[in-house]
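Chemist: These protein sequences, in sequence, are chains L and A. Plus 313 on top of the position in the first sequence (first one is 1) and you've got my numbering. Plus 1048 on top of the position in the second sequence (first one is 1) and you've got my numbering.
Since the hints were made in silico from the structure, they are not lab data. In this text, a Cβ means the ideal position worked out from N, Cα and C, and glycines have one as well. Watch out, some of these pointers could steer you wrong.
Stated by the list, open to error - Going by beta-carbon spacing under 7 Å, a handful of chain L positions derived as facing chain A: (1) ALA369; (2) SER453; (3) VAL457; (4) ARG461; (5) PHE515; (6) PRO545; (7) PHE731.
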Amino acid sequence: MRALRGARPVLLALAVAAAPGCARERPPAPEGVLVVSQEQQASWVRNFNPLTTATAARWPTLAGVYEPLFVFNSVRTEYVPWLGTAWEWRKGDRVLRVTTRDGVRWSDGEPFGARDVAFTFDLLRRFRALDRRGVWGFLSEVRVVDPRTVDFVFERIFIPGFDEIAAQQIVPEHAWKGVADPVTYANETPVATGPFTEVRLFRNQVFELGRNPHYWQDGRPLFDGLRFPAYPSNDRANLALVFDEVDWAGNFVPAIERVYVSRDPDHHRYWFPLTGSSIFLYANTTLPPLDDTKVRKALSMAIDRELLVDVALYRYSRPSDATALSDGYAAWRDSTIAAEGDWVRFDPAAAARLLDEAGLEPDADGVRRMPDGTPLAWEVLCVSGWSDWVRASQVIARNLGAVGIGATVRTLDFSAWFQRVQEGNFALSLGWSFEGPTPYLFYRWLMSSATVKPLGEVATGNWHRYGSPAADSVLTAFERAADPAAQRRLADDMQRVFVREAPAIPLYPNPSWAEYNTRRFTGFPSAADPYADPSPNKIDRGECLLVLTRIAPR
Amino acid sequence: MRYLLQRLGFYLLAAWAALTLNFFLPRLMPGDPATALFARFRGRLAPEAMDALRETFGLTEAPLIQQYFTYLSHVLRGDLGVSVAYFPAPVSEVIATGLVWTVFLAGTAVVISFAIGTLLGVVSAWRRRGWLDSWLPSTLVFLGAFPYFWLAMVALYVLGFALGWFPLGHAYGDDLTPGFTFEFMADVFRHAALPVGTVVIATLGGWLLSMRNSMIAVLGSDFVNLARAKGLPPSRVVLRYAARNALLPSVTGFGMALGFVLGGSLLTEIVFSYPGQGYLLVQAVRNQDYALMQGIFLVITLAVLGANWLVDLVYMWLDPRTRGARS
């Protein structure tokens, strides 16, 4: 999504206009080398450290060079055994026992084992800066049981902790134990377990990774290497895509059918599954009358989401339902519960009725006023340059105006916007939500009292400051439920609470961006073969690995 | 000599003022690097990561004034700190990835543009109202008035896409190994042709006009008339008498332009995907990467001051009055 920032379609429009007239040759990409564009940089800085800050390392470091214990498939909503083959809760769900895969070797030929797993987690304990999933907030010890078994001892019962342990990239003990400061270590020559580990070439404008000579999946990967040309902007990356210079990308492309597909319908493909985080209109619930569920529901019913996804997002998405869950939670979403939430339907008349009931009657000019006489007038905050959000806010402001609420769009520079929402210094604002393999994380940051910070204090999530006692008990129960059936039941309860209380106003689920060119390679996920999320941006829980080990040369 | 020393003192003072501004300006922006980084993920990073990020970047709560003196002492030792946007690479290393290409690209463009523009200005002033003088300045000024971004895109589109004469981007072919081989150098020049060409076209008019105008003023002065009356050959009158004196304002401009070369030609580098330094500054601002911003500003400051120093030296050579009056 950040790709939307500064998306200037000018260059692309020119390129499309050029269509048949130009007969450019594709620059010769070596046989069997997949050209990928995921990061936008003017020049590459060599860094393959999978443990620090998530953005510093070059793209496939998190899922391609290094690998996690279990890969999460967000399209099928299931875990795929990877470096770990099985997990089991023991001792009253206080110990998580993970069995590691047999026969895995590091790219230098050394065997991989439970010791490496324990070593990695120990690094996170010793260097708090590396613990970006906060696992040491619930773990007390990580123990090697035997060369293929490792025990994670929890401080308290916390079942969702599995998701964070599963996603952790594992580094080799023998190569990392001598590293004095793993936080600032650039790891220029990685020793790893992933399919592509050999840095064959590294220059400021291009680098190439070759296959791991000891990869544990026999015969895979099916192609020779990865190549990464540096493109500084979204425009330039899209251009490379249109001109067959790139085989796989995760950019935002405006009007993709016309811009990309139409140039070569047989090979230019895309698939944008709606597995991204949902986008919300957050109403500051510390601010009357926005603390009233009825008022939030009325605002929601005033919004024409069909128009909104059309205008803001080229119809790449759909309106959210009342559970707010994206397709990344398809297995969890209960459609009957969603159907009970009629407050996401566009119905200005009903919205007006609800507002009347809440005591916000319009005056002679049609402007709604609070019981004390102050007119309802709010700013809708969004980030300048994030064109999808800006357009969405404009639609919202117009829709709210139609039911008698004075709403104006206020675009702020990113940092200024973020500071205001974090401190709760807003009435209405667009915002993202948090993703996780279960709805737990998502709903926790939408309505758990534990995440509510006082106004003026910086809150990383729950900017609208909504705490629901009903949600608290369900979320706490979920933390302790290891049984899948019980989890399902509790997830249903979370949806019920959300639908009933409308803590925030869901707008649309974000698409996961993925474009690919089948001229030289096949095997990308598609709507016809949805074996995984197709986007190279899905690195946080290892999903790219599913794709990298499946793509085959033509 | 005293003149040079005086100038040196002035430069030291200017450098200190610039360093101070470099330090305080970025810190006036709201937010900090951790939030900027966090935000890039739009929800894909768990809120827990915030604490880890702050820890990683070692964001300190020390009073600003204390941070300022730490910064000054580090700069004096040549330690520019660690970049946040390209963590954990040191700022000096990050700047080095693009500096050579920026110097090459923008430097070549400025030198070519200055040389050709000035020469054309001399000719056009000497042959006043000739055919060259009647259309060249106006055409060049017209071209220079286009927004550079637009000019570059049209050039890229027509010469790059439509005709395919020039590569679409980068400083050299991705399949070539950098080295001092003929093949590589030729490729570098081929890749530089469009970016350098567009910059030259956009800036040529300015050099031409400034040289032409000061030439005309000088050509009317008594000592030029005297030279003509003495019957000196026209080429000697133009070059040794008129041009040398008319060059002074242009040299000042040239010094400024050279200094700004290190700032990178942002638009050029973005349009042509050139691996230079201009884009780094954008990244630094986006990520609130104070250290990288300071580093880049420092490089620009030093370059501008250095270029001015050179201009002072050239002045002493060009204009004997500066030598006579002050030494």
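Chemist: If you take the shortest Cβ to Cβ gap from VAL457(L) to chain A, is it below 7 Å?
Modeler: 25 Å, violated
Chemist: Less than 7 Å between beta-carbons is the criterion; does ARG461(L) satisfy it with respect to chain A?
Modeler: Because about 29 Å separates ARG461(L) from the closest Cβ in chain A, which is outside the 7 Å limit, the hint is violated.
Chemist: So, as I understand it, the hint says SER453(L) touches chain A; can you test that by seeing if any CB pair is closer than 7 Å?
Modeler: Result: violated, 17 Å to nearest chain A Cβ.
Chemist: A closest beta-carbon separation below 7 Å is what the hint needs, so does PRO545(L) meet it against chain A?
Modeler: Status holds, d = 5 Å.
Chemist: Answer holds if the nearest beta-carbon of chain A is closer than 7 Å to that of PHE515(L); otherwise answer violated.
Modeler: Interface hint status for PHE515(L): violated (11 Å vs cutoff 7 Å).
Chemist: Once the shortest beta carbon distance from ALA369(L) to chain A is found, is it less than 7 Å?
Modeler: With a closest approach of 4 Å, the ALA369(L) hint holds.
Chemist: Hint PHE731(L) vs chain A: min CB-CB distance below 7 Å?
Modeler: 5 Å, holds
Checked against the numbered hints above, the structure breaks hints 2, 3, 4, 5 and satisfies the rest.
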